[in-house]
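The sequence shown runs 55 to 194 under the numbering used here.
One should not assume that every hint holds.
Simulated crosslink set (EDC-like; lysine to aspartate or glutamate; CA at most 20 Å straight-line) [as the list claims (entries may be wrong)]:
#1 173 x 115
#2 142 x 105
#3 177 x 105
Restraint ranges, calculated between C-beta atoms of paired labels, are given here [to be verified]:
#4 185 x 97: 37 to 47 Å
#5 97 x 188: 13 to 23 Å
#6 57 x 157: 13 to 23 Å
Rather than coming from a laboratory, the hints here were simulated on the basis of the structure. If you're wondering where the values come from, they're calculated on a predicted model, not measured in any experiment. C-beta atoms are modelled at their ideal positions from N, C-alpha and C, and glycine is treated no differently.
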Amino acid sequence: MTAERNGSPIGPRAASSWLYVYPRGLRELLLYIKIKYKNPVIYITENGMDESNDPTLSLEEALMDTYRIDYFYRHLYYILSALKDGVKVHGYFAWSLLDNFEWSAGYTLRFGINFIDYKDNLKRHQKLSAHWFRNFLRKQ
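Turn these sequences into a full structure, and let the hints steer you where they fit.
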């Protein structure tokens, strides 16, 4: 597997060296699965991106994850496009609800839409992306 096409990255890299942002690729994958596997029901169980845990950021700065909102918006846009083409996506789960311990990186990366303050008794704070997701889910 590669994160390049014709010698160029397929999209911007997230904090993890293996994670590149390519929303259109999700649509392409869903359409491929539809054709290859006779259009099964699909649940997307993890979709998200990480950021480095930057201890120099204030809490207010750490909660302003506009890039994550853009990530979710664009991926959901392409899922909707695949749905319109008949793909049976029946569920979608953002990665992740909370910042957490990553097996290969420990607490150096943050995936959550909720910030966990590792220095203040694991206190939780909603990031801007959590508010965006709530509003997105309320829309009809």
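Hint-by-hint comparison with the structure:
For the proposed pair residue 173 and residue 115, the alpha carbon gap of about 16 Å is at most 20 Å, so the pair holds. Taking the CA atoms of residue 142 and residue 105, the gap is near 31 Å; set against the 20 Å cutoff, the hint is violated. Distance check on the hinted pair: residue 177 and residue 105 sit about 19 Å apart at the alpha-carbon level, within 20 Å; holds. About 25 Å separates the C-beta atoms of residue 185 and residue 97, a value inconsistent with the hinted range of 37 to 47 Å.
Taking 13 to 23 Å as the suggested C-beta distance range, the pair residue 97 and residue 188 conforms, at roughly 21 Å. The beta-carbon spacing between residue 57 and residue 157, approximately 21 Å, falls within the hinted interval of 13 to 23 Å.
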